[in-house]
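S.K.: Given the sequences, and given the hints that come with them, work out the whole structure.
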Amino acid sequence: MKYPFTTCILLGLAFIAGIEKTSAFALEPIETFVERLFIHGVPYRTASRYTDADATKLETRFQQACLSQRVESPFCSNMAVTLGILAKPSSIPLMRSFIDKPRTQMELPEFRAQTSAVIALGYAINKTDDSATLDLLERRLWPSDWQPVLDRISLHTSLQLTHAQLATELQRATIIGLALSGHEQAMHILRDLLTNDAIQRDRGLRFLVQEALSANHVIAASGLVCYYAGNIPACHDRTDRKPPPSSKHYRKMDPS
Numbered sequence: 058m059k060y061p062f063t064t065c066i067l068l069g070l071a072f073i074a075g076i077e078k079t080s081a082f083a084l085e086p087i088e089t090f091v092e093r094l095f096i097h098g099v100p101y102r103t104a105s106r107y108t109d110a111d112a113t114k115l116e117t118r119f120q121q122a123c124l125s126q127r128v129e130s131p132f133c134s135n136m137a138v139t140l141g142i143l144a145k146p147s148s149i150p151l152m153r154s155f156i157d158k159p160r161t162q163m164e165l166p167e168f169r170a171q172t173s174a175v176i177a178l179g180y181a182i183n184k185t186d187d188s189a190t191l192d193l194l195e196r197r198l199w200p201s202d203w204q205p206v207l208d209r210i211s212l213h214t215s216l217q218l219t220h221a222q223l224a225t226e227l228q229r230a231t232i233i234g235l236a237l238s239g240h241e242q243a244m245h246i247l248r249d250l251l252t253n254d255a256i257q258r259d260r261g262l263r264f265l266v267q268e269a270l271s272a273n274h275v276i277a278a279s280g281l282v283c284y285y286a287g288n289i290p291a292c293h294d295r296t297d298r299k300p301p302p303s304s305k306h307y308r309k310m311d312p313s
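Residue numbering for the sequence shown follows the numbering used here, beginning at 58 and increasing consecutively.
In case anyone wonders, no lab produced these hints; they're calculated from the structure.
Watch out, some of these pointers could steer you wrong.
Below are the EDC-like pairs computed for lysine to aspartate or glutamate, each with C-alpha atoms no more than 20 Å apart in a straight line [said to hold, decoys possible]:
| hint | residue 1 | residue 2 |
| --- | --- | --- |
| 1 | 114 | 88 |
| 2 | 184 | 195 |
| 3 | 158 | 192 |
| 4 | 184 | 109 |
| 5 | 184 | 116 |
Note that the coordinates shown come from a computational prediction; the quantities given were computed from them, not determined experimentally.
M.R.: Here you go:
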């Protein structure tokens, strides 16, 4: 498969997190939550209900299971996504360290977790307006920007992908992260990217950037919960959503 981790995103930008129909049940411990197998992605609304204290527990678990050793568990991906959704400021450096940590080899769970962490930075930006993290995504827009990170990897047996292919997947994860941030600056970055000749020549990338722009617009206007619920009209009168960024240079994004 040419793009093993972003196909679902091309269809709806929703493989990394899902949304359940109800959140009226009691929360299980966060350590149990992140070790579940989520067919439709980590449920965004449920993950959002956890507290900063829960995020602190998850940070410790993430450091032990994902930062300090080679990733063999599939749950590091769930942990990274949940940390991004909760967006505790102390979690962002951990996620960034995980993305860039030195690796002597790369297996499938590790790469899935790495790309999930890149995308989850978009969630964190949405809640924190972290300019440094947004700048990081802007600096990683092209496969060549990821090459220094990947050059340290000497083996990736279960992936059966070249460094160039890994870099392309990380580029796509970066674009998705910008989309999910719902941020004005990310919107301008994506608009500029869409005008690039290389993007225009690559039909798949061009479509991804167009979808990312559309998602960014919806999230800025209606919030991530409404975006994942797919019930945008019902969200327009909500008062608890994050308002779109205000700027005299802000242009409302055309969702086309």
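S.K.: Which numbered hints are broken by the structure, listed smallest first?
M.R.: none
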